[in-house]
Amino acid sequence: ACCASRAHASSEPLLLAADRAARQALPAVIGVLGKFPPLVADLGCGYLKVGFAGQTAPVAVVPTLSLLRRAMVVELGLFSEEADVLEDFCSRALYGLLGALPTRHPLVVCASLYQQAGVPARLYDERCALLQQVLLRRLCVPCVTLLHSASLALLSVGRHTGVVIDIGLGLTRVTPVVKGEVMREAIQAELLGGATGTNMLLARLAHRSAAHGGGGGGGDDVG
Numbered sequence: 052a053c054c055a056s057r058a059h060a061s062s063e064p065l066l067l068a069a070d071r072a073a074r075q076a077l078p079a080v081i082g083v084l085g086k087f088p089p090l091v092a093d094l095g096c097g098y099l100k101v102g103f104a105g106q107t108a109p110v111a112v113v114p115t116l117s118l119l120r121r122a123m124v125v126e127l128g129l130f131s132e133e134a135d136v137l138e139d140f141c142s143r144a145l146y147g148l149l150g151a152l153p154t155r156h157p158l159v160v161c162a163s164l165y166q167q168a169g170v171p172a173r174l175y176d177e178r179c180a181l182l183q184q185v186l187l188r189r190l191c192v193p194c195v196t197l198l199h200s201a202s203l204a205l206l207s208v209g210r211h212t213g214v215v216i217d218i219g220l221g222l223t224r225v226t227p228v229v230k231g232e233v234m235r236e237a238i239q240a241e242l243l244g245g246a247t248g249t250n251m252l253l254a255r256l257a258h259r260s261a262a263h264g265g266g267g268g269g270g271d272d273v274g
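First residue of the sequence shown? That's 52 in the numbering used here, and the numbers climb one at a time after it.
Everything labelled a hint here was simulated from the structure, so no lab data went into it.
Mixed in with the good hints, there may be bad ones.
[Said to hold, decoys possible] Pair by pair, the computed Cβ-Cβ distance ranges are:
(1) 150 <-> 206: 19 to 29 Å
(2) 133 <-> 113: 13 to 23 Å
(3) 214 <-> 103: 28 to 38 Å
(4) 254 <-> 169: 22 to 32 Å
(5) 152 <-> 113: 17 to 27 Å
(6) 208 <-> 241: 35 to 45 Å
Positions of the beta carbon are idealized from the N, C-alpha and C atoms, including for glycine.
Work out the full structure, taking the sequences as your base and the hints as a guide.
Below, the structure is given as structure tokens:
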């Protein structure tokens with residue numbers, strides 16, 4: 052027992068030294084292993100939604116243009132071709148709003164791609180690759196995963212195949228997904244969105260208010 056005790060005592064400093072060495076050698080991508088929760092960003096044309104994975108709601112929902120007024124960051128699902136614009140936007144939007152260090156958190160980007168029929172899929176893929184390079188090389192994000200919003204919508208209800216109808220601020224998209232893969236050729240998009248309905252209702256309410264105001268203000272009309 053005494054020998055065993057001495058052996059344990061003599062080996063303990065070696066184990067501690069090895070543990071310290073291992074800790075010092077851990078790369079910045081330790082965030083991928085779960086020490087730091089991944090960030091989730093939904094980059095829409097109208098609004099940006101950002102938060103931490105595992106939470107039930109975004110931490111921040113802000114108009115996309117309010118963060119970077121000098122240039123469009125994403126237009127109908129197509130990211131900007133300017134790396135400086137993407138870097139500035141990501142710094143302000145993702146880490147400025149959340150107060151998170153980019154080197155510690157993996158990032159999941161939710162994007163609605165392939166919305167414009169006249170734009171080849173290759174161009175969408177190239178712009179996505181540029182965004183990933185900016186995040187990895189300039190902001191030193193340990194890991195970046197870019198997923199289509201339709202695939203994520205199905206995964207949220209435990210499905211890999213289905214048809215997703217996404218009504219955005221100014222665009223409505225119908226996207227079929229088969230076994231997790233987006234059927235690019237079958238995507239349908241229409242320039243009608245939530246803002247369209249809101250503006251139409253406001254116009255009708257304004258017209259109705261004007262009509263009632265000019266009709267003598269009958270007190271019995273409550274419809």
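Notebook entry, point to check: Looking back at the hints listed earlier, which ones does the structure fail to meet?
Noted result: Hint 6 alone not satisfied by this model.
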